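> Given next are the chains, with one letter for each unit.
There are 2 protein chains.
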Amino acid sequence: MLVNGKHYRTIWLKENDDSIVQIIDQRWLPHKFVIEDLKTVDDVAKAIKDMHVRGAGLIGAAAGYGMYLAALNGDDVREASGKLKATRPTAVNLAWACDRQLKAIDSSKDKIGTAKKTAKEIANDDAEFCRRIGENGAKIIEEISRRKNGETVNILTHCNAGWLAFVDYGSATAPIYSAHDRGIKIHVWVDETRPRNQGARLTAWELGQHGVPHTVIPDNVGGHLMQHGKVDMVIVGSDRTTRTGDVANKIGTYLKALAANDNNVPFYVALPSSSFDWIKRDGVKEIPIEERGGEEVRFIQGLHDGEIKKVLLTPEKSNTANYAFDVTPSRLVTGLITERGICDASEEGILELFPEHSKD
Amino acid sequence: MLVNGKHYRTIWLKENDDSIVQIIDQRWLPHKFVIEDLKTVDDVAKAIKDMHVRGAGLIGAAAGYGMYLAALNGDDVREASGKLKATRPTAVNLAWACDRQLKAIDSSKDKIGTAKKTAKEIANDDAEFCRRIGENGAKIIEEISRRKNGETVNILTHCNAGWLAFVDYGSATAPIYSAHDRGIKIHVWVDETRPRNQGARLTAWELGQHGVPHTVIPDNVGGHLMQHGKVDMVIVGSDRTTRTGDVANKIGTYLKALAANDNNVPFYVALPSSSFDWIKRDGVKEIPIEERGGEEVRFIQGLHDGEIKKVLLTPEKSNTANYAFDVTPSRLVTGLITERGICDASEEGILELFPEHSKD
Numbered sequence: 072m073l074v075n076g077k078h079y080r081t082i083w084l085k086e087n088d089d090s091i092v093q094i095i096d097q098r099w100l101p102h103k104f105v106i107e108d109l110k111t112v113d114d115v116a117k118a119i120k121d122m123h124v125r126g127a128g129l130i131g132a133a134a135g136y137g138m139y140l141a142a143l144n145g146d147d148v149r150e151a152s153g154k155l156k157a158t159r160p161t162a163v164n165l166a167w168a169c170d171r172q173l174k175a176i177d178s179s180k181d182k183i184g185t186a187k188k189t190a191k192e193i194a195n196d197d198a199e200f201c202r203r204i205g206e207n208g209a210k211i212i213e214e215i216s217r218r219k220n221g222e223t224v225n226i227l228t229h230c231n232a233g234w235l236a237f238v239d240y241g242s243a244t245a246p247i248y249s250a251h252d253r254g255i256k257i258h259v260w261v262d263e264t265r266p267r268n269q270g271a272r273l274t275a276w277e278l279g280q281h282g283v284p285h286t287v288i289p290d291n292v293g294g295h296l297m298q299h300g301k302v303d304m305v306i307v308g309s310d311r312t313t314r315t316g317d318v319a320n321k322i323g324t325y326l327k328a329l330a331a332n333d334n335n336v337p338f339y340v341a342l343p344s345s346s347f348d349w350i351k352r353d354g355v356k357e358i359p360i361e362e363r364g365g366e367e368v369r370f371i372q373g374l375h376d377g378e379i380k381k382v383l384l385t386p387e388k389s390n391t392a393n394y395a396f397d398v399t400p401s402r403l404v405t406g407l408i409t410e411r412g413i414c415d416a417s418e419e420g421i422l423e424l425f426p427e428h429s430k431d
Numbered sequence: 072m073l074v075n076g077k078h079y080r081t082i083w084l085k086e087n088d089d090s091i092v093q094i095i096d097q098r099w100l101p102h103k104f105v106i107e108d109l110k111t112v113d114d115v116a117k118a119i120k121d122m123h124v125r126g127a128g129l130i131g132a133a134a135g136y137g138m139y140l141a142a143l144n145g146d147d148v149r150e151a152s153g154k155l156k157a158t159r160p161t162a163v164n165l166a167w168a169c170d171r172q173l174k175a176i177d178s179s180k181d182k183i184g185t186a187k188k189t190a191k192e193i194a195n196d197d198a199e200f201c202r203r204i205g206e207n208g209a210k211i212i213e214e215i216s217r218r219k220n221g222e223t224v225n226i227l228t229h230c231n232a233g234w235l236a237f238v239d240y241g242s243a244t245a246p247i248y249s250a251h252d253r254g255i256k257i258h259v260w261v262d263e264t265r266p267r268n269q270g271a272r273l274t275a276w277e278l279g280q281h282g283v284p285h286t287v288i289p290d291n292v293g294g295h296l297m298q299h300g301k302v303d304m305v306i307v308g309s310d311r312t313t314r315t316g317d318v319a320n321k322i323g324t325y326l327k328a329l330a331a332n333d334n335n336v337p338f339y340v341a342l343p344s345s346s347f348d349w350i351k352r353d354g355v356k357e358i359p360i361e362e363r364g365g366e367e368v369r370f371i372q373g374l375h376d377g378e379i380k381k382v383l384l385t386p387e388k389s390n391t392a393n394y395a396f397d398v399t400p401s402r403l404v405t406g407l408i409t410e411r412g413i414c415d416a417s418e419e420g421i422l423e424l425f426p427e428h429s430k431d
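Protein chains in written order, with my numbering: chain A, 72 to 431; chain B, 72 to 431.
So here's chain A without its partners, still in its complex pose (with noise of 0.2 angstroms):
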């Protein structure tokens, strides 16, 4: 998508030095846009772990490129591999590159031929899979607007499930882009996204480079909007869906699917098919969900006299919880928006569309 009028994928490989993985450092935004080298396959395990890089996507297809680097430099691919699965435990995208890597490698002669082609189809695929999301998303608000006679049509997300998190387009964004492109009005609230504000710093950032009207709204005002008709659907990414629909993605989307469902307002869920976990069946109790530091709910990052700085928002002795994640139970979720179309959240449904998965 574009930055300043130029377009960028989040993670490419270096024009002419194929030894060099690009990313946007995503530390820095909305106030410093930031491009950083990768070298090595631990340059890549802290670019994840310490989130230069996040979301299901882009965590996804920077493993992919992570096990490439470890092919080029020598290492052992399999501890490589453990290496970058073990830098975030709930999205399964992660697992599931390191794997598509690892069983390419092994049948192949040309290992870092291969593991190059294959970094590339990842990510290649991931863009492919959000564009396909975007067109399919894309009818379910032209035909909201339809029903409001090409009124603003009102959407609510949560987190950045945007461009920033995948490789182009996103997975919740992509609908969004995809009908402002066509010419459809539409608005979206942006959840902050407490403690990182992903929301207010990316996804806020990336709807206003493609000039997409939003407001940054705190957390907490999702169900008051809902309540008062101001939202007309709610689209949010995932981070690990169930083979029977349930839905781990950034906390707090549970809470904005109770409101939803409160309040009549449809709640979809945009996800690559990389995202489903095929084995678990009951996402509150199977699905490991990541707590990190503390020191991310206590201070806030932001921009003071043109520097980012660092401010200490709670008393000094005060404990803090970070839990990453939760889980939004299929009953709530009205349907599920993938590259392949858009399904019902229940395994009958889900496999409807990938019934390759049916003996999984």
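Since the hints were derived computationally from the structure, they do not count as laboratory data. One or more hints might be untrue.
Note: identical chains are not told apart, hence a pair may lie in one copy or across any two.
[As the list claims (entries may be wrong)] 30 angstroms max Cα-Cα, derived BS3-like pairs, lysine-lysine:
{"no.": "1", "residue 1": "Lys219", "residue 2": "Lys187"}
{"no.": "2", "residue 1": "Lys191", "residue 2": "Lys77"}
{"no.": "3", "residue 1": "Lys219", "residue 2": "Lys120"}
{"no.": "4", "residue 1": "Lys103", "residue 2": "Lys381"}
{"no.": "5", "residue 1": "Lys380", "residue 2": "Lys103"}
{"no.": "6", "residue 1": "Lys380", "residue 2": "Lys120"}
{"no.": "7", "residue 1": "Lys351", "residue 2": "Lys301"}
{"no.": "8", "residue 1": "Lys187", "residue 2": "Lys117"}
{"no.": "9", "residue 1": "Lys120", "residue 2": "Lys351"}
{"no.": "10", "residue 1": "Lys356", "residue 2": "Lys256"}
{"no.": "11", "residue 1": "Lys388", "residue 2": "Lys77"}
{"no.": "12", "residue 1": "Lys301", "residue 2": "Lys120"}
{"no.": "13", "residue 1": "Lys351", "residue 2": "Lys117"}
{"no.": "14", "residue 1": "Lys120", "residue 2": "Lys381"}
{"no.": "15", "residue 1": "Lys351", "residue 2": "Lys256"}
{"no.": "16", "residue 1": "Lys356", "residue 2": "Lys219"}
{"no.": "17", "residue 1": "Lys381", "residue 2": "Lys180"}
{"no.": "18", "residue 1": "Lys191", "residue 2": "Lys380"}
{"no.": "19", "residue 1": "Lys356", "residue 2": "Lys301"}
Everything numeric in this text was worked out from a predicted model, so none of it was measured.
For chain A, the structure is supplied; the task is to place chain B on it using the hints.
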């Protein structure tokens, strides 16, 4: 309650100078403890509007003292009342305190003496009502503690309905302090409460000063905690409760009530009867919800290198919206904890405790 071991209320007449009202200027907590002098009704109106003081009970008490300063300074008390009522639209205590003062002043010859006495009575009543709320609510905590065989009772609260929001004790915190002082093992999940962070700044600070174990969490976390059995009860305050039991409280309260309901966690609202609106019946439709400035969403204040600074969170050009309250329908409320006892959040339940309002 205690601040560094010394007992304070949130508002009082200056020692040896009855022409000055003193408050804790809460904007600088938890990092700085600042006492401010108020000499005119305009000072008081500004302190309420700009949230040097906030919270249902305290702004009622502040309005009471503001009316006294108006009388003392020879201002038109009706004009003063209008000024004070206009500062914040949601809390009902403001109007209640101004009207009580007007009635008292009108029927008295010693207008200044009466206004001073009434201001003190309003403050003393508030403190006494909160103390009784503590006694009544502590029984619920005690009962849960008994059922858990003395294991720690985990209580979630939103915003600051602590002593800082009243004159003393608090509403939601009063049962917590009372139970803690009786030796019941408790732990409080403190919602940080965006955008003004009253939980992270004020509730955490006052619980810490009183030695109550607590953990600050982003507002997004409560649902996840409840899904996993980590919350035994929720207690929040109320800025206005209809005669039918609908509860206006800090934005985001409704989302926690939905989660509590979805996970069979008891959801209690603690309020002195001064927070009842005896006229309104449909909270969602009828209670006016204050919209505050967007800069409260865009900028966050905290401590950096020993100084209190504000940092910009969002992109420069992004819009923001800032609704200060939402309304939790009575169907999601387990019970109301008042100074007279605990009742159902229904007209029948409320009037059983407050029969004198049957004909209102």
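> None of the hints should be skipped; say for each whether it holds.
Evaluation of the provided hints:
no. : hint              : in the structure
1   : Lys219 <-> Lys187 : neither (48 angstroms within a copy, 57 angstroms between copies)
2   : Lys191 <-> Lys77  : within (21 angstroms within a copy, 65 angstroms between copies)
3   : Lys219 <-> Lys120 : neither (43 angstroms within a copy, 38 angstroms between copies)
4   : Lys103 <-> Lys381 : both (15 angstroms within a copy, 18 angstroms between copies)
5   : Lys380 <-> Lys103 : both (12 angstroms within a copy, 20 angstroms between copies)
6   : Lys380 <-> Lys120 : both (21 angstroms within a copy, 29 angstroms between copies)
7   : Lys351 <-> Lys301 : between (35 angstroms within a copy, 23 angstroms between copies)
8   : Lys187 <-> Lys117 : within (20 angstroms within a copy, 64 angstroms between copies)
9   : Lys120 <-> Lys351 : within (24 angstroms within a copy, 52 angstroms between copies)
10  : Lys356 <-> Lys256 : between (40 angstroms within a copy, 28 angstroms between copies)
11  : Lys388 <-> Lys77  : between (46 angstroms within a copy, 19 angstroms between copies)
12  : Lys301 <-> Lys120 : between (37 angstroms within a copy, 27 angstroms between copies)
13  : Lys351 <-> Lys117 : within (28 angstroms within a copy, 56 angstroms between copies)
14  : Lys120 <-> Lys381 : both (19 angstroms within a copy, 28 angstroms between copies)
15  : Lys351 <-> Lys256 : neither (39 angstroms within a copy, 37 angstroms between copies)
16  : Lys356 <-> Lys219 : between (40 angstroms within a copy, 22 angstroms between copies)
17  : Lys381 <-> Lys180 : neither (49 angstroms within a copy, 57 angstroms between copies)
18  : Lys191 <-> Lys380 : neither (36 angstroms within a copy, 44 angstroms between copies)
19  : Lys356 <-> Lys301 : between (33 angstroms within a copy, 14 angstroms between copies)
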